[in-house]
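So the chains spell out like this:
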Amino acid sequence: MAATVKTIARRKTTLKERLLFPAIFSGMKITIGHFFRTLRGKRVTMQYPEERWEVKDNYRGAPALVKDDEGRPKCVACSLCEYVCPPKAIYIVPGELEPGNRVERGPAVFNINMLRCIFCGLCEEACPEEAIFMSKEFELWGEKRSELVHDKETLYAIGGVRPDPIKKWSHK
Amino acid sequence: MPTITIDGRKLEFKPGQTIIQVAQAAGIEVPHYCYHPGLSVAGNCRICMVEVEKNPRPQIACYVQAADGMVVHTQSALAREARSGTMEMLLVNHPLDCPICDQAGECKLQDYAFEFGHPTTRSPVEKTHLPKAVPFGAKIVYDAERCIKCTRCVRFTEEVTRTAELSMGQRGDHEVVIMTSKGEFATPYAMNIVDLCPVGALTSRDFRFESRVWFMDFTESVCTGCARGCNVTVGARGGRFLRMTPRENQDVNRWWMCDAGRTGYKFVNAPTRLLRPRVRAGAGAGDFREADWDEAVAAAADALRASGRGGVLADAGATLEELVAARDLAAASGKGDLRYASRVGTDGDAFLVVNEKGANQRGAEALGFARATGPAPVAVLLVERGDAVPKALRDGADPVVAFVTDAGDVPPTAQVVFPLPTWAEKDGLLVNVDGRVQPVRRSRAVGPRDLRAPTAVMEEVRLALDPTAEPRDHAGLHAALRAVPAVAALGLPDVVFAPAPTPTVAAPRSRTR
Ligand code: SF4
Ligand code: SF4
Ligand code: FES
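Here the protein sequences come in this chain order: A and B.
Per the numbering used here, the first sequence runs over residues 2 to 173.
Per the numbering used here, the second sequence runs over residues 75 to 587.
Mixed in with the good hints there might be a few duds.
[Stated by the list, open to error] The calculated lysine-lysine pairs, modelled on DSS-like cross-linking and capped at a C-alpha distance of 30 Å, are: (1) A/K168 - B/K182; (2) B/K201 - A/K169; (3) A/K89 - A/K145.
The set of hints was computed from the structure by calculation and includes no laboratory data.
Throw the hints in and build the complete structure from the sequences for me.
Set out below in structure tokens:
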């Protein structure tokens, strides 16, 4: 099939736009406005890390694994988050748990490479167990690249406990 | 011939065929759990219901025989409603285990629940609780909650292996499959019930929780555990061979394979695999250093030229292409005998397993190779499995050039050693015990990276020895094979293999560890 070409008519710029100065002055007005407001003691910058912002509940920080209020790790290593993760930041090796556990399967290895993670939150959405959440953790740093690959223990430490009213494995 | 109309298509059938058989033959899929072409008809799951005109109630397609002039609708409102009712019944007690169930992704219950299931349950009571993770012998795990009581597994042990280790026990909601023999299966074919189980009630201890099926890469190949050559599907991920399942071939293995073959892939994943070519560092036994492929090819040509030796000792699991390439390479170097070695077991039976374990023993014979009776020096040695070519034979062969899969099998007096890819990592032809030529195919998700095909390496060395020779690819090797009357008589199929990969894409992209 031959490509169809659609020509888009461009609007001619006006003289005011071509002069540039009006745009520069309107920008300067805002900057200078802030300058005087700061002089009057109304600061807009924050003295991080002494001062901290309040992280909102829907913030998407580092993904983390959670335990339920009985202390049971919720992840069952179904690997759906690994499947859905666009930058392939998640790596899971499923393992078998000893008999007596309510679920017979859990992750033997669970790594999230924070150098790859794009904080999209798809893992949280894919998880059928409500086991992985985007935490409020945004201070991610390390001296080596390997420190930014969060292993299972790190992920549970960040995630903490989330009360779960349903507990589906008790009466599925 | 009598005709039946299914979904508006007029189809001919042989008297005695059931509706599902006629439909399947015409490519019309009728949902089914308990029906399997290799087993008797049980008619207990009721998911296969179809509407038969002039019949007020839906009929089960797996049991009702086709009749002349019968008109069947597989997708009518009545049929779909019947199936949806069946699904509702099954899901009353089936656990919502999918996140932890190995069958998820290839589960018929899951598929039909999507198609015919209800989003919610109308049952006010808790699901029945039954034993989970019950060992059925050492190789199989049974989950009674997931079981839909289709009795496929029971019928397999009764009708196919005739060992009857399984039976149904209890009644109603409490019905479970039980083992009648204490402890272990008598049959060496028990793991077929894992494939037969339409749900995740029977799982293989070997594959349990290894990988979700949608991550795996599947390749149609042939098992090399014995000379039967059962047709299989190889499942692999990230360089690791994870499982092997039988593939239907009525002329070889029907729908089945043996347990030893199924779990006989471990050497493919061994951490001791030879990964890089080795050349001599000094004259002492076992005094090697690693070299790159081109250097090793040059060293192999020099060593062969210096020795002037001929002769081949090959693992009878080697492909026809490898054998003919080895034959010609040795001939370019000197004179010598063509011999093969293989393991001969004692576990052969009247069903599938044969005593001869060399997957290409017939092919080697046809190419003029004779069974090795004792150690004798050769120019070229091929060892895929250490137990096929015992240490006395391979070390006694004192090879000039050796192709070896496992670093533990390297003969200490070899001059140059190349890593040999396993059968799951290469394309080639094998001749089974009945003289049937079958292809093994390279799985792109198995094995170490950057292994070169042994046929290509042998051809390179041969060219270095004899610059007038023509380089041959697979097609060229096949032509050389056809020139051998005994091989041509087997009827080489025209198999087209996928083009060889560029070495660095042999394994999937590096993943976060
Ligand atoms: S999706 Fe949830 S349950 Fe599944 S592996 Fe990820 S965190 Fe675990
Ligand atoms: S274990 Fe599987 S094959 Fe056996 S009866 Fe149950 S569902 Fe059927
Ligand atoms: S397939 Fe027909 S009743 Fe089970």
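Now for the hints, and whether the structure bears them out:
1. A/K168 - B/K182: holds, 27 Å
2. B/K201 - A/K169: holds, 12 Å
3. A/K89 - A/K145: It holds: about 20 Å lies between the C-alpha atoms, which stays within 30 Å.
No hint from the list above goes unmet by this structure.
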